Each structure stands twice: as C-alpha cells, then as structure tokens.
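Q: Here is how the chains run, residue by residue.
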Amino acid sequence: MSEIKIRIRGLKKYFGAKKVLDGIDLDIETGTGMVVIGGSGTGKSVLLKSILGLVTPDAGSIEIDGVDVLKAPRGQARELRQQIGMLFQNGALFDSLPVWENVAFGLLAQKKVSRAKARDVAVEILAQVGLGVDVAGLSPSELSGGMQKRVGLARAIAARPAIMFFDEPTTGLDPIMGAVIDELIVDCVKKLGSTSIAITHDMASAQRIGDKAAMLYEGRISWSGPAAELLTTPDTVVDQFTHGRAHGPIKMALRK
Amino acid sequence: MKVLDAVAWLGAAVLGAVEYVGELGMFTVSGISHVFRPPYYPRQIGRAFMEIGYFSLPVVALTALFTGMVLALQSYTGFSRFGAESAIASVVVLSVTRELGPVLAGLMVSGRAGAAMAAELGTMRVTDQIDALSTLSTDPMKYLVAPRLLAGIIALPLLVLLADILGVMGGYLVGVYKLGFSSGGYLTSTFSNLQAQDVISGLIKAAVFGFLIALMGCFNGYRSRGGAQGVGSATTSAVVAASVLILALDYVLTQVLFAK
Ligand SMILES: Nc1ncnc2c1ncn2[C@@H]1O[C@H](COP(=O)(O)OP(=O)(O)OP(=O)(O)O)[C@@H](O)[C@H]1O
Ligand SMILES: [Mg+2]
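Line by line, the protein sequences are chains C and V.
If you count the first sequence from 1, position 145 lands on 144 in numbering that gives the first Met the number 0, and the numbers rise without skipping.
If you count the second sequence from 1, position 46 lands on 45 in numbering that gives the first Met the number 0, and the numbers rise without skipping.
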C-alpha cells in the first residue's frame, strides 16, 4: 500500500452560478501518474490551478503530503506547492525572456544554478525535449506552437519537481513528437520518482503516461481506475468519451 | 419595475465601485510592502526604469521645450498690454517647475509607459504568464509590480528635472531671439525669483505621479480578464485613471506644499 501524495476531498469551485467543480474526490499515490480526461470546459485546468493555489476553491480540502494546503499557513502551503512543476495548456512562456531563460527561470529563482551556468543547464534540458542549441537564444514568439509546448515542458521539469502537472502536453504536436514527449514524461516521472497529473484528450497518450485514470464529468470524478482499462471499461460515459461516440450519455446531458 | 431596475443598477454600480477601490487599496498596500522586502530584481528594476525613464526622454523633452516657448510667447502678448513684459522669465520658470513640468511629464509618461505596462501585464495575465511565475518560486507582485513602482518613483523626478531645464530653455529661446530680451537679463530675472522650494515641490509631485502611473498601469494590467479585448480596456483604464488622478492629486499636493 503506497502512500498518498495528493488527496482531494469534496473540492468545489463555482464561477458565479456555474458549478465547474462540484465535489471532486481524488487520490494520487506517490510515484504514480494520474491521467484526467473529460470534455472541453469541464474544469480540468481549474482542478490543476486549484491545487496550485492559482484558483481559490469554494469548498473542500486539498492535502499535499498529508497537509491541507487550503488551511495551512501561507508559508507552509507555498513550500508544499513549490514541489509542483506545471506545464500550462498554452505554454505560458515569458515572452520578454529568451528561451533559455524561460527554461532556467525556476532554477535561477531557487538559486539552484548560477546565472553564468544557467544557459548551459538550459541547453541540456532543451536537448531532452528535442530542441537544439539554436533555439536557446530565440524569443518564444519565434517558435512554433509545438516548440513552445516543448519549451514549456522543459521549464516545468527543469527543477526536477517531486510533483508534475501536465495540461495537455501533447496537444499541437505531431504524432511522433507526441510519442517522444510521452516517453520523456514517463522517463522523468519514473526516474525522479515523481508524482504526476496529466490532462489529455489523446487516449493513446493517456495509456502511455498514466498508471491511473479519472474521468471528470459534470463537476465530479465519474469514473476512476487503471489507465489500461480506459478503452475497455463498461462505464458508459468513459466509453463514449474515449471512443469519441456522438451518441451516449454525454450528448444527452448537453441537450437538456 | 423601471424604478426597481434603476435602483438595482445603481446598487450594482456602487458595489462595483466599492469593490474596485477595495481591490486597488489592497493592491497598493501589497505593492508598496514588496518594494521594501527582498528579494529584489535589479534586472527588472533596470528594465522598468528604461521603459519609464529613458524611452520617455524624447516626448517629455519636446513637450517641455514647446511648453516653455508657448508660455513665453503667450505671456508676452498678454503682459505687454499692461507693460509687465519683465515678468515673463519668472512666469515661465515658476509655471514650469511648479506645475507644468510635473503635470505634463506625468500625462505624457502615463500615455506612454503606463499604457505599455498595463498592456504587458494584461497580456501576461491572460496568457497565464503571471500564474506561471508563481509556479516557478517567484512572487509576481515582487517580480512585476514592485520594480515598476520603484522605477516610476525614481524616473519621473529625473524626467521632470530635465523638463524644468528644457522648459526654461524654451522660454529663453523665444525671449531672447524673438521678443528681444537680452540674454543676461532674461537669465537674471529667471533665477532671481526662483526658490529651491519651487523646484523641490515639483520633484515631489513628480515622484507621486510616477508612483501613480506605475500603480494604475500594473493594477489594471494585473486584474485584466478576457483576452485581447480585456487587455485593451485595461490599457485604456490605466491611462484614464492615472491622468485623472494626476490632475486631482496635483491640486491636493499644491494645497499641501504651498500651504501658508
Ligand atoms: N477565471 C475564470 N473565470 C470564470 N470562469 C472560468 C475561469 N476559469 C475557468 N472558467 C470556466 O470554468 C470552466 C472550466 O474551465 P477549464 O479551463 O478548467 O476547462 P478544461 O476542462 O480545462 O477545458 P479544455 O479541455 O478546453 O482545456 C469553463 O466553463 C470556463 O468558462
Ligand atoms: Mg484546460
């Protein structure tokens, strides 16, 4: 029985009258990869941002290493959250800084590397995500969308965080690069023993990077289980979603 | 029904205003407190200083020069009606150092740098860059806001000092080359009436205005929502709010600084 790194109970977040998260319960075991799937706009990004403290939930608890970060003193909560590296859905690269400074940003902020060495370190990490030295000096706006995503990934994993969040890591990448990034994510997570949560719409990717999977539907986790069962589970919501069927419970829910 | 609608609308407007002021108050306190607590980001301070100070040099310089020239010309046509031409030099130097230097420089810089700040921070907000900062062990208030506040407080007095000099020079050029004053005479009457307090009060105003410009730029950018349109309206709000506050506070500061 492994221990729980992140434990979420009864998490609620409403935007006005819109109940985006309406009682999320989710456990993520240390050293495992959790994949969260769900339709567009169901609150997957909001869920990650709540754990990160970027969105303030209306109710519920979020425990990291057994401490509720919503109730803990600010300094302690910040420290717990500092173990999280985040790849944002749109990359969120700092466009006033060159690529290498983006990648080394967290390392410089935590003084884990000197300014003089930062560029070399960044180039090394960039190589891991398949980007060459020539990219290091460019501005993020000079990169393609897929390259930006990879720089975002490099930035998220640079500090070798104990927890990694990936918001749609392979969206916008070609299939081969998608597979490479998946492998890299698995590598990082396994090698560092990190715990990860990944959001994805890509079922092949979900099965590669996830040990467990959870379906976010109507503000709750409607199904969770081993990622390998995503395509075979009898759960009608998951079945419709993973097979991309036009008809099923999800469409019905939207119609009423 | 109509009356109720109006009341509801009024209530919402008042609540909105109260909320805005409350948010602004908290943002101001937090921003100032971060100016005084490490870590500091010298590069960010330098960058903000360049943006507010250095790149505003041309526009502030030209504004001050022409203002001095117009002042001299305008007061000549007015004062010559009652033979008070000799007061022109004093009018120019006192108006520029006490009022026009700080106010005009403030308005110009708010249009330039305040707008740019709101647009930059607004874009960073809507593209999650501000959120990304806090996931990388960096407090956005410290990294983005505090350096700009500090740069505003330092840069604007320096700009105004330059504006003072160029404003007087503009008046001198018109006075000597167009209105026929002697060079020595113009300078003598410029400095004979000028007191340190005139210049210093202008510089104090400038520091306050610089703070206001950076504050409104950062605040409106920081809280902007909803894509390109949100960033656009944040930029407009930043300039409008800073300009109105500059003019209003100018009155208050004049009252305080020259209270006899
Ligand atoms: N700051 C906010 N203010 C108001 N509503 C918000 C805010 N952030 C998110 N929402 C709403 O919350 C809902 C969930 O958004 P979220 O970004 O989490 O979706 P998602 O599941 O990540 O979708 P996608 O797969 O398209 O990225 C959306 O309906 C969105 O409109
Ligand atoms: Mg999302």
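I should point out that these hints are in silico values taken from the structure, not numbers from a laboratory.
Just so we're clear, the structure is a prediction, and the values are computed from it rather than from any experiment.
Idealized CB from N, CA, C, for every residue including glycine.
It is possible that some hints are incorrect.
As the list claims (entries may be wrong) - On the chain V side, residues computed to face chain C include the following (Cβ under 7 Å):
#1 T27
#2 S29
#3 S32
#4 D130
#5 A131
#6 L135
#7 S136
#8 D138
#9 T235
Q: Now tell me if each hint is right for this structure.
A: Status of the hints after comparison with the structure:
Because the beta carbon of V:T27 sits about 20 Å from the nearest beta carbon in chain C, more than 7 Å, this interface hint is broken. Taking 7 Å as the C-beta contact cut-off toward chain C, the hint placing V:S29 at the interface is violated, the least distance being around 13 Å. Because the smallest distance between the Cβ of V:S32 and any Cβ of chain C comes to about 14 Å, over 7 Å, the interface hint for this residue is violated. Because the closest C-beta pair between V:D130 and chain C is about 5 Å apart, less than 7 Å, the hint holds.
For V:A131, the interface hint holds, the least distance from its beta-carbon to any beta-carbon of chain C being 4 Å, beneath 7 Å. The criterion of a C-beta within 7 Å of any C-beta in chain C is met by V:L135, whose closest approach is roughly 4 Å, and the hint holds. With a least beta-carbon distance of about 4 Å to chain C, the hint placing V:S136 at the interface is held under the 7 Å criterion. With its C-beta approaching chain C no nearer than about 9 Å, V:D138 sits outside the 7 Å limit, and its interface hint is violated.
The beta carbon of V:T235 is not positioned within 7 Å of any beta carbon in chain C (closest approach about 22 Å), and the interface hint is therefore violated.
Of the hints listed earlier, those the structure fails to meet are numbers 1, 2, 3, 8, 9, in rising order.
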